[in-house]
Structures are given as C-alpha cells and as structure tokens.
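S.K.: Line by line, the protein sequences are chains A and B. When we follow the numbering used here, the leftmost residue of the first sequence carries the number 1, and every step to the right adds one. When we follow the numbering used here, the leftmost residue of the second sequence carries the number 290, and every step to the right adds one.
Since the hints were made in silico from the structure, they are not lab data. Idealized CB from N, CA, C, for every residue including glycine. Treat the hints with care, as some may be off.
To be verified - So, partial list: chain B residues that the calculated Cβ filter (under 7 Å) puts toward chain A:
{"hint": "1", "residue": "I312"}
{"hint": "2", "residue": "P369"}
{"hint": "3", "residue": "L386"}
{"hint": "4", "residue": "M387"}
{"hint": "5", "residue": "L391"}
{"hint": "6", "residue": "S571"}
{"hint": "7", "residue": "M573"}
{"hint": "8", "residue": "L576"}
Stated by the list, open to error - Only part of the chain A face toward chain B is listed, based on derived beta-carbon distances under 8 Å:
{"hint": "9", "residue": "M59"}
{"hint": "10", "residue": "F61"}
{"hint": "11", "residue": "L98"}
{"hint": "12", "residue": "I228"}
{"hint": "13", "residue": "V231"}
{"hint": "14", "residue": "L235"}
{"hint": "15", "residue": "L250"}
{"hint": "16", "residue": "L259"}
{"hint": "17", "residue": "V262"}
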Amino acid sequence: MSGIGAALLNSLDIGLLLFIIAVGLNIVFGVLNIINFAHGALYMLGAYLAFTLINIAGMPFWAALILAPIGVAILAVIIDRVLLRFIYSRDVADSLLLTFAILLIINESVRMIWGSGIHVVQPPDLLSGSVRLLGSSVATYSLFVIVIGLLLLAGLWYLFNRTRVGRIMRAAALDRDMAEALCINTRLVVTGVFAFGAWLAAVGGVMAAPMRALDPGMGDKIIIESFIVVVIGGLGSFPGALLGAIILGLIHGFGGRYLPEVNLLLPFVGMALVLLFKPNGIMGKGANA
Amino acid sequence: MKTKVLMAILAVVIAGLIAVPWIASYFYVFIFTEILILGLFAASFNLIFGYTGMLSFGHAAFFGIGAYATALVLIHLEWPFLACLLVSMGASALLALMIGFLSVRLNEVYFAMLTLAFGMMVFAIAYQWRSVTNGSDGLAGFTLGSFGLGLDLTLGNPSVYYHVVLGIVAIASIVLYLICRSSFGMILKAIRQNPERVSFAGLNVRTYRLVAFVIAGIFAGLAGGLIAPFLRVASPELLHWSMSAEPILMAILGGTGFFLGPFIGSAAFVLLETWITTYTESWMLVLGIILALMVIFFRKGLLGTAIDWWMEVKK
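Throw the hints in and build the complete structure from the sequences for me.
M.R.: As structure tokens, then:
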C-alpha cells in the first residue's frame, strides 16, 4: 500500500507541474494559433534565472518564484514584438520554424551564460523536510508543488470563466476580426497572451528547479513531455491539458517505480494508444480526423 | 537560354563533385561525403515538407534506423554493402508505415507534434534496448566488407567511399526527382495547396500522404545506411530530435520549393558549421539567428532567392 500511495503522490506532483507548463503552451495555441516550440526553453530560462537569483544574488526562494517568471515574461514581450509579429498572419509551419529558431538561440545563450554543467537549487528550509502521509514519507516539496498546481488551476479557471480579461482572450481566440470590431486591442491581447504563456512556463521552471538538476537540455525534455500532454488531452482544451498531465504523471509515477527498464518508452505508448481511439485527444474537439 | 545556363552550371557542379578527391584535401573529402549524405536526407524530408506540406519533426527516426540496420547487418551477418543498404531501406519503410499510419491523418500541428513524439519513442528504444543497440554508446567496431555486384572496391578508403556515396546519392536523387515530377508528385503538390479540393476530386488524400511519408522514410533510411560506415558508429544521437531538425533547417536554408534546394541547404549548413566552429563554439546560436532571418525575410531559401534575383537581373 505504501508503495502505491507514494507512487500516487509522486504522479500527482509530476502531473501538476506538467499541467502548469503544458497549459501555457495550450493557451498560446488556443488564442494565437501558434505552437510555441520555444516553450520548453522559456521553462528552462525560468529555472536558470531562479538559480541566479537564489545562489548568486542570495535571494530567498520565494522572491525568485515571483521575480524569475516576470523576467521571462518581459523577454517574451520582446520576442513577440521583435520576431513573432512577422508571422502571425502566416502558415502554422512558419510559427513552428520561427519558435524553433528562438529555441536554438535561447538554448545556446543559456549554455554560454551558465555553462553546460549541472546546477542545483536547494528547496527553501520550510519545504526541505518530509512528512508522513498515506503510510509513507513524502517530501514536503512535493506537497508544495501539488498545492501550487491546484491554486494555479483554480486561478486559471476563474480567469477564463469569471473575468473580463478571460472573456476578451476567449473572444480573440474565437474570432480575431470580430474582437477587433468590438474595440478590443487584439495586438495587446496577442502580446499579453504570449507573455502569460511564457510566465506559466517559467513558473513551472522555478518550481521544478529544486526537484531536478539544471542543465541546458532540460527545456528540450519538457517540450516533448508538454507535446505528449496536449496530444493526449486535446490541443487547445483546458481540461484536456489537466487530464493529459495527470495521465502522463501517472505513467511516470508508476512506470518509473514498477517498469524501470521501459520507462522512457511508456509515455509514447500511452500517447499512441490514445490516438488510436481518439485522434484528437481525449478532450479534443474539431474535425481534423 | 535559361535552361542552357542552368544545365551548364549543373554539369560543372557534377564534374566538380566527381573531381573532389583529386583536387581537395582529405578533410574536404569527408566534408563533401557528409554534405551528400545529409543532402539526400534533407531531400527525402522535402518530399513530405516542401511537396506535400507535412512538417515532420521525427524524420531522424528513419535516418537512424537505417544507420542501425546497416550496422547490425555488418556486425552479425557481414553481408555486402549494397545488401546492407537494402535492409536499411526495408527497415525504414516498415517503420515509416507504422508511424505514418498513425500520423498522416492528422492536421499539420498534430502531425508535427506526433512525429516528434514517435521519433523520440524510437530514440528511447535505441537508448534502453541495450542488448541489441548497446545503449548510449551505440554500435561501433564493424568493418565494411565487399560492395556487392562482384565489384572489387576498398570501401575503407575515404576517396573510394566518397565516390560510392556520390554514385548512390545521384541515383537516389534521380529516382526522387522522377517521383516528384510524376503525376504522383503533382498530386502531392496539389495536396499541399488544397487538400480539400484534392479530396473532392475523388482522391484519397490520406493514402497519398502515407505513400509519400513511406517513400521519404525509405530514402532517409538509405541516407542512414550510408552514414553509419562513414561515422563508423550508429549511435542514439542519429535518432534524437535535434537530428530531425537538421533536414528541416537544410530544406529551409536551400529552399523548399525546389528539388535541389535541400542539397544546396545541406552544403551551406555543413560548410557554415565547419567554418563557424573554427571561430566560436556557439554554432547553434548562429544557426538559430540564420533560421529566424530566413523564415521571416527569405522564405524561399537561398536557391529561391537566387533564382528570383536572376530573373530580376534578366528583365
């Protein structure tokens, strides 16, 4: 029982972290209709900025959790204004290629600034211990990730369903021209949504920093995971991102514990199974099948 | 007039390519071998990207399985080289059929993500199936035996291997070119422009996409079969998605709208990489900036831009 309980909690913390990251990718796709290949690189940037703020500048973890994502969001505004504005009216393939170019630039810049070695961020003292739960000991930090994940989930739901800003975003997603006609500044919405997606990626990065070692390949790994999450859940679907993230979390949590010799393969097997029966993802809509 | 000039340029290029081992150092013989192999890899990718409009981020799966197939056959069976290449093509055809069956029915965004994920699945298998693939170290220590067809060639000699690669890539390119020029190739172009209309014309778009995907996979597998003896190792890096990005970059760099575009792109890519890395470690940074500029300002690639310029001059 204790093994299953631990695996379950582990699945939940991986799943909610993945949700924070993948939902950013999903929102950017939903509103702007671009697949942001650089999303994983922005996640990595969040983690590295947090590392610098904590280990070099000596700030507390909490300050880094607030500041690093804001820094990444500002960078995203610059990326949007300087580069992405050229391709919003073009083919989806062009946005994939341009964000891929941005990924190369960010990855290499990180390698130049921080080196290709591994960096470690310690969790804050308050979260560094462990507690007993469901008959096994669980890292406090895992519980913290779960709580923050749930808070962000509730916040995002509230934002999209109960606020004016959320309604404007959804309106811009459904019909850009109509939103424009209703005096909505869609330029501002586009930049804002891209920055918001980057902010979410960076929050994920800061949260992941104390759990995983920082290396310049970490963004590449998470972008694949995020793609799997949105493919399983359904592209552009908010509940789909949650469901996909939880499923992938379970695959990691239980696969890593019980089937270690094939654990790298399992996420792809899960994805292929979903696609065989629901080509648009579990919560996906649309008629591209 | 225009075709005559182009033919003359092409003839000079071909003569130059044949002469490389006699006029250039061993270093450039290696560089040109790499250009030819990666050019074929990029050209096979362009059949599905430039012609059919499907952006695959998992094309390295076919390149890599071709490399592993040749390495495995050389290690365990010691067959002639041509037979190894046939096995590589068969293996990649089978894999392309499986991945393509699941992927081609989806639209471009899903297609891109799916091919990426399936490509990484193959990478994960190569990485974890240690007993067959030797894990992260890859398969090395195989020796090239005979060529096949009763020909007596010392494939271990870089100049000889270069000429073998040149011959095989030339034949493969001609076959690919004929495929692009056939009515089948025309339908692929039509699918890229408007899949709905092709569908209304009574053609099964999905089948055409799948066939194109498998053909592209076969030629990528052939390129992979050529790269393993060249590098003398078949390692998981050949399957990683950053390897899938290379043909994309080469095709964009050279120009996706032209058959020779990916070859020009491959030459520009490998030569730039060689020269830039002598000055700075950060080749990928330069590459990222070049790619961003190409996508934003020169969507037609080097070849397309050059042809536009040439037309402008002539007017």
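S.K.: All the hints need checking, so say for each whether the structure fits it.
M.R.: Do the hints match the structure? See the list:
For the restraint placing B:I312 at the interface with chain A, the shortest Cβ-Cβ distance is roughly 34 Å, beyond the 7 Å limit, so the hint is violated. The beta carbon of B:P369 comes no nearer than 34 Å to any beta carbon in chain A, farther than 7 Å, and the hint placing it at the interface is violated. Taken as an interface hint, B:L386 does not check out: its beta carbon lies about 14 Å from the nearest beta carbon of chain A, beyond 7 Å. Nearest Cβ of chain A to the Cβ of B:M387: about 10 Å, over the 7 Å cut. The hint is violated.
Interface hint status for B:L391: upheld, as the beta-carbon distance to the closest one in chain A is roughly 6 Å, under 7 Å. Checking B:S571 against chain A by beta carbon gives a least distance of about 5 Å; that is within 7 Å, so the hint holds. Below 7 Å, beta-carbon pairs count as interface contacts, and B:M573 has one with chain A at about 4 Å; its hint therefore holds. This hint holds: B:L576 has a C-beta 6 Å from the nearest C-beta of chain A, less than the 7 Å allowed.
The restraint placing A:M59 at the interface with chain B is violated, with a minimum CB-CB distance near 28 Å, outside the 8 Å limit. With its C-beta approaching chain B no nearer than about 30 Å, A:F61 sits outside the 8 Å limit, and its interface hint is violated. A distance limit of 8 Å between C-beta atoms decides the matter here; for A:L98 the minimum to chain B is near 5 Å, and the interface restraint holds. The beta carbon of A:I228 comes within 6 Å of a beta carbon in chain B, closer than 8 Å, and the hint placing it at the interface holds.
Interface hint status for A:V231: upheld, as the beta-carbon distance to the closest one in chain B is roughly 6 Å, under 8 Å. Hint status for A:L235: holds, given a least beta-carbon distance of 7 Å to chain B, under 8 Å. Restraint check, A:L250 versus chain B: the minimum CB separation of about 17 Å is more than 8 Å; hint violated. A distance limit of 8 Å between C-beta atoms decides the matter here; for A:L259 the minimum to chain B is near 11 Å, and the interface restraint is violated.
Because the beta carbon of A:V262 sits about 7 Å from the nearest beta carbon in chain B, less than 8 Å, this interface hint is met.
Violated hints, in rising order: 1, 2, 3, 4, 9, 10, 15, 16; the structure is consistent with all others.
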